[in-house]
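J.: Sequence:
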Amino acid sequence: MTGDRGLSKAGLDRLRGVMAGHVERGDLPGLVMLTSRQGEVHVDAIGRLAFDGSPMKRDTIFRITSMTKPVTAAAAMILVEDGKIGLDDPVDRWLPELANRKVLLTIDALIHQTVPARRAITLRDLLTFRCGYGIIPVFPDRFPIQRAYAEAGLAPGPVFPSFPPDELIKRYGSLPLAFQPGESWLYNAGSEILSVLIPRVAGRTLGEFLRERIFTPLGMKDTAFHVPADQHYRFATAYIHDNAAKQLKVFDPPVTGRFSSPPVFENGAAGLVSTVDDFNAFAQMMLNRGSLADARVLSRESVTLMTTNHIMADEKRESQLFLGSARGWGFGLSVFTGLDDPNASPGRFGWDGGYGTSWYSDPQAQLTGILLTQRIMDSPKPPPVFMDFWSTLNEVTAG
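Just so you know, we're using my numbering here: the sequence shown kicks off at -8 and counts up by one.
Keep in mind that the hints are not guaranteed to be accurate.
Pairs of lysine to any residue residues, derived as SDA-like cross-links and limited to a Cα-Cα distance of at most 20 angstroms, are as follows [as the list claims (entries may be wrong)]:
(1) K48 x A11
(2) K48 x E292
(3) K93 x K48
(4) K0 x G12
(5) K48 x S165
(6) K240 x K93
(7) K93 x K75
(8) K240 x T105
(9) K75 x A220
(10) K93 x V150
(11) K75 x K48
(12) K75 x E292
(13) K48 x Q29
Now the in silico label distances, taken between C-beta atoms and shown as ranges [what the hints assert, rightly or not]:
(14) S316 x L96: 37 to 47 angstroms
(15) R291 x R84: 22 to 32 angstroms
(16) E15 x S165: 12 to 22 angstroms
(17) K0 x P337: 28 to 38 angstroms
(18) R84 x D4: 49 to 59 angstroms
The set of hints was computed from the structure by calculation and includes no laboratory data. Using N, Cα and C, we set each Cβ at its ideal position, and we do this for glycine too.
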(Lines of atoms letter the chains of each structure in order from A and count residues from 1; the text may use other names and numbers.)
(Lines give C-alpha, C1' and ligand atoms only; values in the text may rest on other atoms or scores of the structure.)
Protein backbone atom coordinates (compact mmCIF):
# COMPACT_ATOMS: atom_id res chain seq x y z
CA MET A 1 0.00 0.00 0.00
CA THR A 2 1.00 3.62 -0.52
CA GLY A 3 -0.26 5.10 2.74
CA ASP A 4 -4.01 4.37 2.80
CA ARG A 5 -4.51 5.08 -0.86
CA GLY A 6 -4.22 1.53 -2.08
CA LEU A 7 -1.93 2.11 -5.08
CA SER A 8 1.05 0.00 -4.09
CA LYS A 9 4.00 -0.45 -6.43
CA ALA A 10 3.64 -4.22 -6.20
CA GLY A 11 -0.03 -4.02 -7.05
CA LEU A 12 0.49 -1.68 -9.98
CA ASP A 13 3.31 -3.89 -11.29
CA ARG A 14 0.98 -6.84 -11.13
CA LEU A 15 -1.71 -4.95 -13.03
CA ARG A 16 0.80 -3.92 -15.67
CA GLY A 17 1.96 -7.51 -16.05
CA VAL A 18 -1.57 -8.82 -16.56
CA MET A 19 -2.36 -6.16 -19.14
CA ALA A 20 0.97 -6.48 -20.93
CA GLY A 21 0.14 -10.15 -21.40
CA HIS A 22 -2.76 -9.22 -23.69
CA VAL A 23 -0.43 -7.16 -25.86
CA GLU A 24 2.29 -9.82 -25.91
CA ARG A 25 -0.23 -12.46 -27.01
CA GLY A 26 -1.36 -10.24 -29.89
CA ASP A 27 -4.87 -9.72 -28.51
CA LEU A 28 -4.44 -6.03 -29.35
CA PRO A 29 -1.56 -3.75 -30.45
CA GLY A 30 -1.46 -1.68 -27.28
CA LEU A 31 -3.31 0.14 -24.54
CA VAL A 32 -3.19 3.02 -22.10
CA MET A 33 -4.60 2.59 -18.62
CA LEU A 34 -5.09 4.95 -15.71
CA THR A 35 -5.78 4.25 -12.06
CA SER A 36 -6.59 6.97 -9.57
CA ARG A 37 -7.30 6.75 -5.87
CA GLN A 38 -7.72 9.67 -3.51
CA GLY A 39 -5.71 11.98 -5.74
CA GLU A 40 -2.90 9.55 -6.58
CA VAL A 41 -2.81 8.92 -10.35
CA HIS A 42 -0.84 6.24 -12.17
CA VAL A 43 -0.73 5.81 -15.96
CA ASP A 44 0.78 3.00 -18.04
CA ALA A 45 1.19 2.96 -21.83
CA ILE A 46 1.88 -0.50 -23.26
CA GLY A 47 2.48 -1.66 -26.83
CA ARG A 48 2.01 0.36 -30.01
CA LEU A 49 -0.50 2.62 -31.75
CA ALA A 50 -0.72 -0.01 -34.51
CA PHE A 51 0.84 -3.44 -34.90
CA ASP A 52 3.49 -1.84 -37.13
CA GLY A 53 3.27 1.60 -35.55
CA SER A 54 5.10 3.82 -33.08
CA PRO A 55 5.11 3.16 -29.31
CA MET A 56 1.97 3.83 -27.34
CA LYS A 57 2.20 6.99 -25.23
CA ARG A 58 0.25 8.58 -22.41
CA ASP A 59 -1.20 11.22 -24.75
CA THR A 60 -2.34 8.76 -27.44
CA ILE A 61 -5.79 9.62 -28.78
CA PHE A 62 -8.49 6.93 -28.85
CA ARG A 63 -12.05 6.64 -30.16
CA ILE A 64 -14.01 6.39 -26.91
CA THR A 65 -17.35 5.63 -28.65
CA SER A 66 -20.02 4.96 -25.99
CA MET A 67 -18.00 6.62 -23.25
CA THR A 68 -19.33 9.68 -25.08
CA LYS A 69 -22.80 8.99 -23.63
CA PRO A 70 -22.14 10.26 -20.08
CA VAL A 71 -20.55 13.43 -21.48
CA THR A 72 -23.67 14.08 -23.55
CA ALA A 73 -25.87 13.41 -20.52
CA ALA A 74 -23.83 15.95 -18.55
CA ALA A 75 -24.44 18.50 -21.31
CA ALA A 76 -28.18 17.88 -21.07
CA MET A 77 -28.06 18.43 -17.32
CA ILE A 78 -26.26 21.73 -17.83
CA LEU A 79 -29.22 22.86 -19.94
CA VAL A 80 -31.57 21.78 -17.14
CA GLU A 81 -29.54 23.83 -14.65
CA ASP A 82 -29.61 26.77 -17.06
CA GLY A 83 -33.41 26.59 -17.04
CA LYS A 84 -33.57 25.92 -20.79
CA ILE A 85 -35.40 22.60 -20.47
CA GLY A 86 -36.88 20.51 -17.67
CA LEU A 87 -36.29 16.81 -17.06
CA ASP A 88 -39.97 16.05 -17.47
CA ASP A 89 -40.62 18.47 -20.32
CA PRO A 90 -41.94 16.87 -23.52
CA VAL A 91 -39.29 17.19 -26.21
CA ASP A 92 -41.89 17.88 -28.92
CA ARG A 93 -41.24 21.63 -28.65
CA TRP A 94 -37.69 21.16 -29.92
CA LEU A 95 -38.14 17.87 -31.77
CA PRO A 96 -41.50 18.18 -33.55
CA GLU A 97 -40.47 15.18 -35.66
CA LEU A 98 -41.14 13.04 -32.55
CA ALA A 99 -44.57 14.47 -31.71
CA ASN A 100 -47.66 12.25 -31.71
CA ARG A 101 -45.78 8.97 -31.55
CA LYS A 102 -47.21 5.60 -32.48
CA VAL A 103 -46.20 2.48 -30.53
CA LEU A 104 -46.01 -1.13 -31.73
CA LEU A 105 -48.77 -3.40 -30.47
CA THR A 106 -46.11 -5.99 -29.64
CA ILE A 107 -42.38 -6.18 -30.26
CA ASP A 108 -42.93 -8.63 -33.16
CA ALA A 109 -45.79 -6.64 -34.74
CA LEU A 110 -45.72 -5.29 -38.26
CA ILE A 111 -44.66 -1.65 -38.52
CA HIS A 112 -48.20 -0.41 -39.14
CA GLN A 113 -49.68 -2.36 -36.22
CA THR A 114 -49.58 0.42 -33.65
CA VAL A 115 -51.46 2.30 -30.97
CA PRO A 116 -51.03 5.96 -29.97
CA ALA A 117 -48.37 6.72 -27.37
CA ARG A 118 -49.91 7.34 -23.95
CA ARG A 119 -47.74 10.42 -23.50
CA ALA A 120 -44.94 12.42 -25.12
CA ILE A 121 -41.26 11.54 -24.87
CA THR A 122 -39.48 13.60 -22.18
CA LEU A 123 -35.85 14.53 -21.57
CA ARG A 124 -35.81 12.09 -18.66
CA ASP A 125 -36.89 9.31 -21.05
CA LEU A 126 -33.95 10.07 -23.35
CA LEU A 127 -31.43 10.18 -20.48
CA THR A 128 -32.65 6.93 -18.94
CA PHE A 129 -32.99 5.18 -22.34
CA ARG A 130 -36.72 4.63 -21.84
CA CYS A 131 -37.86 6.70 -24.81
CA GLY A 132 -39.16 3.71 -26.79
CA TYR A 133 -36.39 3.80 -29.40
CA GLY A 134 -33.23 1.73 -29.23
CA ILE A 135 -31.45 -1.50 -30.01
CA ILE A 136 -33.61 -4.64 -29.91
CA PRO A 137 -30.97 -7.16 -28.74
CA VAL A 138 -32.22 -10.15 -30.73
CA PHE A 139 -29.59 -11.51 -33.11
CA PRO A 140 -29.91 -12.25 -35.94
CA ASP A 141 -32.67 -9.74 -36.68
CA ARG A 142 -36.11 -11.31 -36.90
CA PHE A 143 -38.59 -8.59 -35.98
CA PRO A 144 -40.09 -6.14 -38.51
CA ILE A 145 -38.97 -3.19 -36.35
CA GLN A 146 -35.36 -4.36 -36.63
CA ARG A 147 -35.62 -4.47 -40.41
CA ALA A 148 -37.18 -0.99 -40.37
CA TYR A 149 -34.22 0.33 -38.35
CA ALA A 150 -31.84 -1.16 -40.91
CA GLU A 151 -33.75 0.33 -43.85
CA ALA A 152 -33.64 3.73 -42.12
CA GLY A 153 -29.85 3.48 -41.68
CA LEU A 154 -30.17 3.25 -37.90
CA ALA A 155 -29.23 -0.39 -37.33
CA PRO A 156 -26.69 -1.18 -34.58
CA GLY A 157 -23.13 -1.99 -35.57
CA PRO A 158 -19.58 -0.67 -35.61
CA VAL A 159 -20.38 1.91 -38.32
CA PHE A 160 -22.47 4.73 -36.85
CA PRO A 161 -25.12 6.89 -38.57
CA SER A 162 -23.65 9.71 -40.63
CA PHE A 163 -26.72 11.74 -41.53
CA PRO A 164 -27.04 15.46 -40.84
CA PRO A 165 -28.86 15.99 -37.51
CA ASP A 166 -32.16 17.07 -39.09
CA GLU A 167 -32.14 14.02 -41.35
CA LEU A 168 -31.31 11.69 -38.46
CA ILE A 169 -34.23 12.87 -36.35
CA LYS A 170 -36.52 12.73 -39.39
CA ARG A 171 -35.60 9.06 -39.80
CA TYR A 172 -36.33 8.34 -36.16
CA GLY A 173 -39.64 10.15 -36.59
CA SER A 174 -40.55 7.80 -39.44
CA LEU A 175 -40.43 4.79 -37.09
CA PRO A 176 -42.89 3.67 -34.42
CA LEU A 177 -41.73 3.24 -30.85
CA ALA A 178 -41.03 -0.32 -29.75
CA PHE A 179 -42.45 0.41 -26.28
CA GLN A 180 -44.46 3.14 -24.59
CA PRO A 181 -42.34 6.07 -23.31
CA GLY A 182 -41.02 5.27 -19.84
CA GLU A 183 -41.80 1.56 -20.13
CA SER A 184 -38.62 -0.26 -21.17
CA TRP A 185 -34.85 0.33 -21.32
CA LEU A 186 -33.40 0.12 -24.84
CA TYR A 187 -29.78 0.92 -25.53
CA ASN A 188 -28.24 3.81 -27.48
CA ALA A 189 -30.97 5.75 -29.29
CA GLY A 190 -31.60 8.13 -26.40
CA SER A 191 -28.09 9.54 -26.73
CA GLU A 192 -28.36 9.88 -30.51
CA ILE A 193 -31.58 11.83 -30.13
CA LEU A 194 -29.97 14.01 -27.44
CA SER A 195 -27.35 14.86 -30.08
CA VAL A 196 -30.10 16.69 -31.98
CA LEU A 197 -32.03 18.01 -28.99
CA ILE A 198 -29.09 19.67 -27.20
CA PRO A 199 -28.05 21.86 -30.18
CA ARG A 200 -31.65 22.92 -30.78
CA VAL A 201 -32.11 23.91 -27.13
CA ALA A 202 -28.65 25.49 -26.76
CA GLY A 203 -28.64 27.34 -30.09
CA ARG A 204 -25.20 26.08 -31.09
CA THR A 205 -23.65 22.84 -32.32
CA LEU A 206 -23.12 19.97 -29.91
CA GLY A 207 -19.36 20.27 -30.32
CA GLU A 208 -19.42 23.98 -29.53
CA PHE A 209 -21.58 23.47 -26.45
CA LEU A 210 -19.42 20.63 -25.12
CA ARG A 211 -16.25 22.63 -25.69
CA GLU A 212 -17.60 25.75 -23.97
CA ARG A 213 -19.29 24.14 -20.97
CA ILE A 214 -17.31 20.93 -20.34
CA PHE A 215 -14.04 20.52 -22.24
CA THR A 216 -12.52 23.99 -21.75
CA PRO A 217 -13.42 24.29 -18.04
CA LEU A 218 -11.96 20.82 -17.38
CA GLY A 219 -8.86 21.29 -19.58
CA MET A 220 -9.89 18.48 -21.96
CA LYS A 221 -7.83 19.84 -24.86
CA ASP A 222 -7.75 16.64 -26.93
CA THR A 223 -11.43 15.68 -26.68
CA ALA A 224 -13.55 16.40 -29.75
CA PHE A 225 -15.56 14.80 -32.56
CA HIS A 226 -12.48 14.34 -34.77
CA VAL A 227 -8.70 14.43 -34.61
CA PRO A 228 -7.04 17.42 -36.35
CA ALA A 229 -4.62 16.54 -39.14
CA ASP A 230 -1.60 17.81 -37.20
CA GLN A 231 -2.40 15.32 -34.41
CA HIS A 232 -2.96 12.19 -36.51
CA TYR A 233 0.46 10.91 -35.46
CA ARG A 234 -0.95 10.48 -31.92
CA PHE A 235 -4.11 8.70 -33.07
CA ALA A 236 -4.31 4.93 -32.52
CA THR A 237 -5.41 2.62 -35.35
CA ALA A 238 -8.68 0.77 -34.66
CA TYR A 239 -8.86 -2.99 -35.31
CA ILE A 240 -11.70 -5.48 -35.64
CA HIS A 241 -11.59 -9.27 -35.58
CA ASP A 242 -12.03 -10.87 -38.99
CA ASN A 243 -13.88 -14.11 -38.25
CA ALA A 244 -13.12 -15.61 -41.65
CA ALA A 245 -9.39 -14.91 -41.49
CA LYS A 246 -9.30 -15.50 -37.71
CA GLN A 247 -7.16 -12.44 -37.12
CA LEU A 248 -7.41 -8.72 -36.45
CA LYS A 249 -7.67 -6.34 -39.39
CA VAL A 250 -7.62 -2.56 -39.64
CA PHE A 251 -11.10 -1.12 -39.20
CA ASP A 252 -10.41 2.62 -38.93
CA PRO A 253 -7.03 4.14 -39.84
CA PRO A 254 -5.88 7.37 -38.17
CA VAL A 255 -5.33 9.50 -41.30
CA THR A 256 -8.14 8.47 -43.67
CA GLY A 257 -10.67 7.03 -41.22
CA ARG A 258 -14.05 8.14 -39.96
CA PHE A 259 -12.65 10.20 -37.08
CA SER A 260 -9.89 11.98 -39.03
CA SER A 261 -12.04 14.89 -40.23
CA PRO A 262 -15.13 16.77 -38.97
CA PRO A 263 -18.22 14.52 -39.13
CA VAL A 264 -21.55 15.29 -40.76
CA PHE A 265 -23.23 14.23 -37.51
CA GLU A 266 -21.67 15.02 -34.13
CA ASN A 267 -22.74 11.80 -32.48
CA GLY A 268 -23.31 12.23 -28.76
CA ALA A 269 -23.79 8.48 -28.42
CA ALA A 270 -20.42 7.36 -29.77
CA GLY A 271 -18.55 10.13 -31.59
CA LEU A 272 -15.86 11.51 -29.28
CA VAL A 273 -12.12 10.95 -29.31
CA SER A 274 -10.09 11.54 -26.16
CA THR A 275 -7.00 10.72 -24.13
CA VAL A 276 -6.69 9.01 -20.78
CA ASP A 277 -5.87 12.27 -18.96
CA ASP A 278 -8.65 14.18 -20.66
CA PHE A 279 -11.24 11.60 -19.74
CA ASN A 280 -9.90 11.35 -16.22
CA ALA A 281 -10.66 15.06 -15.83
CA PHE A 282 -14.31 14.28 -16.63
CA ALA A 283 -14.26 11.23 -14.35
CA GLN A 284 -12.82 13.20 -11.44
CA MET A 285 -15.38 15.96 -11.97
CA MET A 286 -18.12 13.34 -11.64
CA LEU A 287 -16.44 11.74 -8.62
CA ASN A 288 -16.14 15.20 -7.01
CA ARG A 289 -19.89 15.76 -7.52
CA GLY A 290 -19.61 18.28 -10.32
CA SER A 291 -16.39 20.21 -9.82
CA LEU A 292 -12.67 19.93 -10.57
CA ALA A 293 -10.19 22.39 -9.11
CA ASP A 294 -11.82 25.82 -9.58
CA ALA A 295 -14.26 24.68 -12.27
CA ARG A 296 -17.82 23.71 -11.40
CA VAL A 297 -19.44 22.01 -14.39
CA LEU A 298 -22.51 20.51 -12.71
CA SER A 299 -24.34 20.88 -9.42
CA ARG A 300 -24.03 18.13 -6.84
CA GLU A 301 -27.73 17.42 -7.34
CA SER A 302 -27.27 16.85 -11.07
CA VAL A 303 -24.40 14.42 -10.55
CA THR A 304 -26.45 12.56 -7.95
CA LEU A 305 -29.28 12.20 -10.46
CA MET A 306 -26.86 11.03 -13.16
CA THR A 307 -25.24 8.40 -10.93
CA THR A 308 -28.41 6.99 -9.34
CA ASN A 309 -30.09 3.96 -10.85
CA HIS A 310 -33.46 4.90 -12.39
CA ILE A 311 -34.62 1.61 -13.90
CA MET A 312 -36.26 -1.44 -12.41
CA ALA A 313 -35.40 -5.04 -13.24
CA ASP A 314 -38.47 -5.53 -15.43
CA GLU A 315 -37.66 -2.37 -17.43
CA LYS A 316 -34.35 -3.83 -18.63
CA ARG A 317 -35.78 -7.30 -19.29
CA GLU A 318 -35.56 -6.84 -23.06
CA SER A 319 -31.94 -5.65 -22.84
CA GLN A 320 -30.43 -7.85 -20.15
CA LEU A 321 -27.56 -8.58 -22.55
CA PHE A 322 -26.14 -5.08 -22.05
CA LEU A 323 -26.54 -4.60 -18.29
CA GLY A 324 -26.77 -8.04 -16.74
CA SER A 325 -28.24 -8.49 -13.27
CA ALA A 326 -25.79 -6.29 -11.35
CA ARG A 327 -26.12 -3.02 -13.25
CA GLY A 328 -28.82 -0.43 -13.64
CA TRP A 329 -28.83 2.86 -15.55
CA GLY A 330 -28.59 6.46 -14.43
CA PHE A 331 -28.41 9.31 -16.93
CA GLY A 332 -26.14 8.27 -19.80
CA LEU A 333 -24.15 5.77 -17.76
CA SER A 334 -24.35 2.50 -15.89
CA VAL A 335 -24.66 2.21 -12.10
CA PHE A 336 -23.83 -0.96 -10.18
CA THR A 337 -26.70 -1.94 -7.92
CA GLY A 338 -25.60 -5.23 -6.37
CA LEU A 339 -22.79 -7.64 -5.62
CA ASP A 340 -23.62 -10.13 -8.38
CA ASP A 341 -20.61 -8.87 -10.34
CA PRO A 342 -17.33 -9.64 -8.53
CA ASN A 343 -15.63 -6.77 -10.37
CA ALA A 344 -17.70 -3.96 -8.90
CA SER A 345 -19.35 -2.61 -5.77
CA PRO A 346 -22.75 -0.93 -5.41
CA GLY A 347 -22.63 2.73 -6.41
CA ARG A 348 -19.79 2.39 -8.89
CA PHE A 349 -20.68 4.22 -12.11
CA GLY A 350 -19.32 4.59 -15.64
CA TRP A 351 -19.60 2.88 -19.00
CA ASP A 352 -17.71 1.11 -21.79
CA GLY A 353 -17.00 1.97 -25.40
CA GLY A 354 -17.54 -0.57 -28.16
CA TYR A 355 -14.22 0.22 -29.81
CA GLY A 356 -12.40 -1.11 -26.75
CA THR A 357 -12.55 1.44 -23.92
CA SER A 358 -13.83 1.30 -20.34
CA TRP A 359 -14.31 3.69 -17.42
CA TYR A 360 -15.76 3.33 -13.94
CA SER A 361 -15.47 5.42 -10.78
CA ASP A 362 -16.24 4.21 -7.27
CA PRO A 363 -17.29 6.99 -4.85
CA GLN A 364 -16.94 4.80 -1.77
CA ALA A 365 -13.35 3.78 -2.58
CA GLN A 366 -12.54 7.10 -4.30
CA LEU A 367 -11.21 4.91 -7.10
CA THR A 368 -11.23 5.50 -10.86
CA GLY A 369 -10.06 3.15 -13.57
CA ILE A 370 -9.82 3.97 -17.28
CA LEU A 371 -8.72 1.51 -19.95
CA LEU A 372 -8.24 2.65 -23.54
CA THR A 373 -7.57 0.09 -26.28
CA GLN A 374 -8.21 0.09 -30.02
CA ARG A 375 -9.74 -3.38 -30.50
CA ILE A 376 -13.45 -3.31 -31.27
CA MET A 377 -15.53 -5.50 -28.97
CA ASP A 378 -16.78 -8.76 -30.46
CA SER A 379 -20.11 -8.64 -28.58
CA PRO A 380 -21.96 -6.52 -25.98
CA LYS A 381 -20.40 -8.67 -23.26
CA PRO A 382 -17.15 -7.28 -21.75
CA PRO A 383 -14.08 -8.76 -23.47
CA PRO A 384 -11.36 -10.60 -21.52
CA VAL A 385 -9.07 -7.54 -21.44
CA PHE A 386 -11.79 -5.56 -19.64
CA MET A 387 -12.46 -8.37 -17.17
CA ASP A 388 -8.77 -8.77 -16.39
CA PHE A 389 -8.31 -5.03 -15.92
CA TRP A 390 -11.18 -4.64 -13.48
CA SER A 391 -10.68 -7.85 -11.53
CA THR A 392 -6.96 -7.18 -11.06
CA LEU A 393 -7.50 -3.49 -10.23
CA ASN A 394 -10.05 -4.44 -7.56
CA GLU A 395 -7.67 -6.98 -6.07
CA VAL A 396 -4.66 -4.66 -5.88
CA THR A 397 -6.68 -1.77 -4.43
CA ALA A 398 -8.67 -3.82 -1.92
CA GLY A 399 -8.69 -2.53 1.60
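J.: Give a verdict on every hint.
T.: Do the hints match the structure? See the list:
1. With a C-alpha separation of about 14 angstroms, the suggested pairing of K48 with A11 holds against the 20 angstroms cut-off.
2. Between K48 and E292, the direct Cα distance comes to roughly 36 angstroms. Violation of the 20 angstroms bound is thereby established for this hinted pair.
3. At most 20 angstroms may separate the alpha-carbon atoms for a hinted pair to count; K93 and K48 exceed this at roughly 50 angstroms.
4. Among the hinted pairs, K0 with G12 is consistent with the structure: their alpha-carbon atoms are about 18 angstroms apart, no more than 20 angstroms.
5. Taking the CA atoms of K48 and S165, the gap is near 45 angstroms; set against the 20 angstroms cutoff, the hint is violated.
6. Distance restraint check for K240 and K93: the Cα-Cα separation of roughly 42 angstroms exceeds the 20 angstroms cut-off, and the hinted pair is therefore not satisfied.
7. At most 20 angstroms may separate the alpha-carbon atoms for a hinted pair to count; K93 and K75 exceed this at roughly 27 angstroms.
8. With a C-alpha separation of about 43 angstroms, the suggested pairing of K240 with T105 is violated against the 20 angstroms cut-off.
9. With a C-alpha separation of about 36 angstroms, the suggested pairing of K75 with A220 is violated against the 20 angstroms cut-off.
10. Proximity of K93 to V150 is assessed by CA-CA distance (about 28 angstroms); at most 20 angstroms being required, the pair is judged violated.
11. For the given pair, K75 sits about 41 angstroms from K48 by alpha-carbon distance, which is inconsistent with the 20 angstroms threshold.
12. A hinted pair counts as satisfied when its Cα atoms are at most 20 angstroms apart, and K75 with E292 qualifies at roughly 17 angstroms.
13. Among the hinted pairs, K48 with Q29 is inconsistent with the structure: their alpha-carbon atoms are about 24 angstroms apart, more than 20 angstroms.
14. Range check, S316 to L96: Cβ separation about 29 angstroms, and the 37 to 47 angstroms hint is violated.
15. For R291 and R84, the hinted distance range of 22 to 32 angstroms is satisfied, since their beta carbons lie about 28 angstroms from each other.
16. For the hinted restraint 12 to 22 angstroms between E15 and S165, the CB-CB distance of approximately 49 angstroms leaves it violated.
17. A beta carbon spacing of about 29 angstroms between K0 and P337 agrees with the range 28 to 38 angstroms that was offered as a hint.
18. As the Cβ distance of R84 to D4 is approximately 56 angstroms, the hint placing it in 49 to 59 angstroms holds.
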